[in-house]
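Engineer: Guided by the hints, dock chains B and C onto chain A, whose structure is given.
Protein chains in written order, with the UniProt record's numbering: chain A, 1 to 320; chain B, 1 to 291; chain C, 1 to 269.
In short, the hints are calculated from the structure, not lab data.
A virtual CB, placed ideally from N, CA and C, is assigned to each residue, including glycine.
All clues stand as given, with none of them false.
Examples of chain C residues lying across from chain B (beta carbon under 10 Å, computed):
(1) Q78
(2) L84
(3) R85
(4) V91
(5) E111
(6) Y116
(7) R162
(8) L166
(9) V172
What follows is a list of derived Cβ distance ranges for each label pair:
(10) B:V14 to A:V128: 52 to 58 Å
(11) C:K60 to B:P200: 24 to 30 Å
(12) A:V128 to B:S119: 51 to 57 Å
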Amino acid sequence: MLNKQVMSPLLSIRALSTCFQIQETVVKAVDNVSLDIYPDEVLALVGETGCGKSVLALSILRLLPENSLSEGSILYKGFEILEGSNEELRALRGREIGMIPQSQASSLNPLLKVGWQVMEVLRLHTKVRKPDAHKKVVELFSRLQLPEPEKRMDYYPHQLSGGMRQRVLVSMGVACNPNLILVDEPTKGLDAVLRMEVVKLLGRQAAENNRSMLLITHDLSVAALLADRIAVMYAGEIVEMGSSAGVLKIPRHPYTQSLLDSLPGRGFKPIPGFSPSLSRIPPGCRFQPRCRVACSKGAALHPDLREADPNHYVRCFHAD
Amino acid sequence: MDVILLSAKTPKKVVLRFLKQESMLAVSGAAVLLVIMVALLGPLIMPHDPISVSLTEKVQTPSFQYPFGTDPLGRCILSRVIQGTRTSLTAAVVIVSISGIGGVLLGLLAGYKGGGVDSLIMRLVDVLLAFPSIILAMALIVSMGPGLESVIVALTLVHWTGYARLVRAEVLTLKQAEFVEGARALGNSSSRILFKYILPNVLAPVLVMASLDIAHIILSMASLSFLGLGAQPPEAEWGAMINQGREFIRTAPYVTLFPGLALMFSILAFSLLGDSLRDYFDPRLRDKVIE
Amino acid sequence: MLIEVKDLVKDYRVGILKNRCVRAVDCVSFSLQVGETLGLVGESGCGKSTLARLILMLIKPTFGRVCFEGQDLTDLSQAELLKLRREMQIVFQQPQQSLHPRMKLAESLAEPLRLYKLVKSKAAEKERVRHLLHEVGLSEEHLERYPHELSGGQAQRVALARVLALKPKFIVADEPTSMLDVAVQAQILSLIKKLQQEHKIGMLFISHDLEVIRGISDRVAVMQGGKLVEMGSKEQIFREPQHPYTKFLTGTVFELPTRLKRDNLRLVH
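Here chain A stands alone, though its shape is the one from the complex (with noise of 0.2 Å):
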């Protein structure tokens, strides 16, 4: 849709290395990866639990615990993350990168209205005062179809059903409307119909205003319905990244392939084996010892990410 050469990224970024020291093992989450994000584009960046998106996403935020160390670069709008400070931080969080978390359960605080945890995210970005705070919140939250916005204001997150703790939720991530919303796994656990309704709203949110979004996911159905590229990540770096079409339509990693082949719509074929942990990751390709296609060369060397088509970047010995 768009010319992706002609513009210049949102966010860029360029071998980022993300460790964790546990006890006395260095554990490396995210392993040299390299991606953009442009204006109005939605990344969605699947890959199973443990494979270090969430912990992608954490470090651009810069949101890790103490024990993790990012190395690399992220620049966003130009300005390096890894080296911003405290109140730089602070200042890039919600009011122009928003962040949707996961769990709709625990993600509000069970003992304030939803209406006021939504306005303070405003009153902590913007010098809006309480009453025009107020009214920003009830149009955010019919924006959002949310019924009766008006008498959710005082509701409690239990008085809320799932769907509209959700979207209590994406009104947090979007109320200083930033440019980029990272949405963590929007739809584990749950239920086929509340499903759909994420989707679809989170798919309003993408369309509005020229916003990007960094959906991770691990559900390859979700990233089809929203994204424009994917990014397909495993043990810690990504092994595949294209337009969605490209990769989902004609996929080049033999981990995509036997991904979409366990969908239950494909007849769950199984993927043999476990995914390594990320303290034991074998040498070589990563994939190698549940690959359909082993190899040798796979198994002594670790392939680079390359172009196989344009635009479109597997790290296989086979793409080619």
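Structural biologist: Here is chains B and C on its own, set in the frame of chain A:
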């Protein structure tokens, strides 16, 4: 290169790492161990007989012969402090064991059975908790006559309620847990579920509570003895000793100082142990591992 | 007939004074043949998990009958029920939480064998545990681990092995894959299907995901608000849904990758 095993697990390294990560637990554990050792080795390390009176040597300042000085009846304060450790600790352990075991069992029963049994036990707990515990103990002591045995009975009657409440609340949550439901579906009997599945999972908070309780009980006993309701002379007990030294506090502060310090040290040791055990048992605080 | 459920009702009393009555399961009847899989689909909160626990008598029904091989379970005493438990088992939704957190896997797996004295000696027990592990695709290195050291998929395999140890005739699978990733879900589903066919187990498979239900069931029942609104063969339900709610549910299924974002803009807006 992704995984750097900095060192293999030798026993020495494991111990060192434990000391570094759980320094609070190690320090408070050592302090508690010291108190226990003093109590156990008491008769062997006492320089003098703690109850033999010697009026010629009354209220002497600390010296080589009497490191902590002597009290108004000429008894060695160091020996009496050591004897006091024995008294306080024995009584506290007896009280905590009886009230702990009783409270845990009643709590398990109330939480698991529910219904009438639950109501009965919990209303009894409510009634006991409605009285200020020390007043209740005082009332019991007055009716039974003062003395250590009365204190033990009185404090036991009060303290089991805490365990019963704690365990009942934990059982109510655990009863809903899938692994307990699974155990039931597998065909485990009620008693097996209670003791094999539920009990091990409530022991950690009970242990924390017991440690904090020992501190609390030592203090309660000292208070009761200070008021003359607990240990009777010539028995050595910290609260009673402090009371004895009251009138000499200006001329001979060491008579009250040393039992006071011993009291403070043991209470601090058990309280800190309880707090660090609580942190240690909380898996969220133990290893922070990101998914 | 393996399982026959007739007019099953469960009421809950709620509120501080326990004076309001909520009907979680409302007059449900169905039957299940030996070796057959019945898929039960519905939104969260529709009463499907309550129904599962009612059938296994983990909670007492307010009204109605559950027959297992012709024997009415609602009449049985606790002791008689305990004997029948071996034949009817359940797999839960939260794999890590369905195992005793302080039991090593070796112990967790041996427990059902000891409980029903299914093995004569220690050696036989070890052999059987090893066999079970292989059957669910785990290896001996897992035996010394605790549940929190396993991934969700591995924990669910252990739960399956525990159930299989008893050689049950009937299994309830209560959303066994809804907390798992797509890739792990595929592994667990194909494992369940394989084991079920090998051991000729009758299964009630509960899920909110129609795609999963379609993949695993012979017949499908649709539940809404405590009632079964439609039941039929898999083909009937997916090709010609009758009830409006079933039609609504089948509308939430997205197929891949034939529909992409561009094609779905109308759905999103």
